[in-house]
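> Residues per chain are reported as follows:
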Amino acid sequence: MGLGMILMVVGIAVFGAALIGMIVSNIVLSSKGKKLKKLMHDKYGD
Amino acid sequence: MLQAGTVINGTYRIEGAVGAGGGGTVYKAYHLRLQKDVVVKRINDNWVNVMDSRKEADIIKNLKHQYLPQAYDFLKIDSGVYTVMDFVPGASLDKYIKKGYKFNQQQIIFWAKQAAEALVYLHKQNPPIIHSDIKPANIMLTPEGNICLIDFNVSLTSTPDSNISATSRGYAAPEQYLNLVPMNEPVPGESFKPVYHFNMASPLDQRSDIYSLGATLYHLMTGQRPPKAPQDKLPEIPLDLQGFDETLINIVNKMTRYDPRERYQSAEELLKDLNNIRRLDKKYVSYKRKKLIVNTVFPIIMVGALLLCVFGYVTMNKENDEKYDQLISEAANYAEKGDYEKAIENYSEARDMKSDNIEPYYGMLRIYSDQYDFDKVIEYGKDSLASHKFEDSSKKQRADFYYILANAYFEQENYDDAVSFYTKTVELSQDNSEYYRDFAIALARNKYVDKAKEMLQTAKELGLETDAIDLVSAEIAFAEEKYDESVGYFKDAIKLSSNQNLTQRACLYLCKAYNFLRRYDDVIDTLKNYESIFNSSRLRVAKTMSAEAYLNKAGNTSDTAVQKEFGQKAADLYKEAEALGVLSKKAKFNFATAYQYADDMRNAQEILNSMMKDYPDDCDVYARLAILEADKQSKLSNNLKNFDRFKEYYDKAIQLNKRNEASGTSGAYIDEMKRIMQDLKDKKWIGE
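Going down the list, the protein sequences come from chains A and B.
So for the first sequence, the working numbering puts the first residue at 1; every next one is plus one.
So for the second sequence, the working numbering puts the first residue at 1001; every next one is plus one.
It should be emphasised that the hints constitute simulated quantities derived from the structure, not laboratory data.
Honestly, I wouldn't trust all of these hints.
To be verified - Straight line, CA to CA, 30 Å or less: simulated DSSO-like cross-link-like pairs of lysine-lysine:
#  : chain 1 : residue 1 : chain 2 : residue 2
1  : A       : 43        : B       : 1102
2  : B       : 1283      : A       : 43
3  : B       : 1113      : A       : 35
4  : A       : 35        : B       : 1283
5  : A       : 34        : B       : 1036
6  : B       : 1288      : A       : 34
7  : B       : 1283      : A       : 37
8  : A       : 37        : B       : 1290
9  : B       : 1282      : A       : 37
10 : A       : 34        : B       : 1282
11 : B       : 1113      : A       : 38
12 : B       : 1113      : A       : 37
13 : B       : 1290      : A       : 32
14 : A       : 43        : B       : 1113
15 : A       : 35        : B       : 1102
16 : B       : 1282      : A       : 43
17 : B       : 1288      : A       : 37
Isolated chain A (complex conformation) (with noise of 0.2 Å):
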């Protein structure tokens, strides 16, 4: 495997990842700032 071979994978896997990443993360968040909103509404009303 060379140096090419080896810097795609790992550009793949990187890529992967760090999609994998945004989308869990952005799920949480997702879920995190609903609960937000409704915290915001009870401080803040609206």
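Starting from the known structure of chain A, arrange chain B on it as the hints suggest.
Coordinates of chain B only, in the frame set by chain A:
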């Protein structure tokens, strides 16, 4: 004091007093024309002399805002000045405070926004209107839950000559009373409400109203009235005040900064923060920050990864190109050294890497060609052309490829296909004399003599060497059956040439010409003299030709001893040729004949028996066996002769020959066999 029922100005009927403020007595009245409740407020006499009430009145009458009461009129009646404004139902906030009402954060923010909106409106007027007396008592809470900012009777324009302020201690901004000169003195027996003269050096502005609103909110949040003494600074609300978030606390603390320069500089600024209070919340800020990080960092990483992939792809292609070039180069080196196995391995690997490049395929053809495995050259070449177009390869490369294939067909004596591929070769590359040389020879062998001469001419124009010209001329002369002439050209070509391949071909065809001229001794001598230059494939051909020459010599003599000698020499040569490669069918028949001449019937029989297995449906094999059997029996004494086996072979040959007869042909040995049969019948050895 106005009595209930009094009609002022013919428009307002007094209903009754509802309160008294620092500015004056407040009456509820009924607007007879508009038929609605209003508030009539007598302005305190202390203000009358110094206030330009008409100018103020006009400004205030033009104000229209949902959180401000509408001012209808300013009246000068007797010695009093009255303002007429909307009656705001509900109660002021200070009444709720006095009742001990606890306000929650949502309510406070809701009212603060409304008050800020009212202030934005006031401060935007031209000239800006400063309320200057914002306090819980001047904020009405309507039944709908909204606020209304009242008591404009002391609103001031923010002009440098404004010099009156009414102070509501604790709620007023420090600059409202810090440089004040008292305007009244307490009167014994009467309740004292101090009036101050404001120092012109520090005019009031929007920030003063903001302070007052902030102090009001302070009271609502903490439940504590702001300190009244001017020298007592309003303390900051502690950040851990129960029931309220730091966000709101920080806003109110900023509103009530002692130095106006540290407060909100405008009501818009305050309103903006109030409207975006969620965005100031720590949890919100943290959430937003995390979201920003996630949606910035990850995409940056992804872009970086994509760039890495692209770079990796480019690098991989470069590495592949380098590896491919190395494989081709090493393969060529291995081929040159004769290590064909490794060369083929390298070419195969290169071909797998770039299957549309012609180089590895050409390399493989070269190897098979160098090994004289022309069947493989043709098979591999045809397969390669069937599956690849090689459009990206140069014309020269494709010409070389077709040339090798053409040569392979030529070596197989398939001159039709050889001509076809030589044609494609010269179509792609018109400047190689060798292409035209071999094309001319193939044409000559295919009897296209005129075309061959044309190609020879073109080859000469391209600078073809003299030995090659002689070779082609010899081939053309041979094709024209001018064998003596061809012999001369062939000998010249052999003499001049340093090209081993060319010399080999010239030798073999010279011997063919000698055969046609029945100069069998010349065939044998020539092939013996040049035996050392032949490669194994051509050596086999040379030995076969020598053997044939001896056979021809044996057939041309009736001396059995000479026949035997020549037969044995021929048989020995066929044996040597067989060791170099597979003999053709014709050569095998001749081999058997050679043994027959040498009186070695056993070996002759062995060869023919072996041919019976290889060619079970060939009539010539059985005819030849019959001939051999007849010869064997003829050498026996009469009482031992038995032609049964001959008859067996004869019948089989005749049976198999019927297929040939159906297509209008006949086996080569059938006639001879029939002659023998007729002879045996005539001599009664075999019945009719």
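> Please go over all the hints and tell whether each is borne out by the structure.
Evaluation of the provided hints:
no. : hint            : verdict
1   : A:43 <-> B:1102 : holds (16 Å)
2   : B:1283 <-> A:43 : holds (12 Å)
3   : B:1113 <-> A:35 : holds (25 Å)
4   : A:35 <-> B:1283 : holds (11 Å)
5   : A:34 <-> B:1036 : violated (47 Å)
6   : B:1288 <-> A:34 : holds (13 Å)
7   : B:1283 <-> A:37 : holds (11 Å)
8   : A:37 <-> B:1290 : holds (15 Å)
9   : B:1282 <-> A:37 : holds (13 Å)
10  : A:34 <-> B:1282 : holds (16 Å)
11  : B:1113 <-> A:38 : holds (21 Å)
12  : B:1113 <-> A:37 : holds (20 Å)
13  : B:1290 <-> A:32 : holds (11 Å)
14  : A:43 <-> B:1113 : holds (15 Å)
15  : A:35 <-> B:1102 : holds (27 Å)
16  : B:1282 <-> A:43 : holds (12 Å)
17  : B:1288 <-> A:37 : holds (12 Å)
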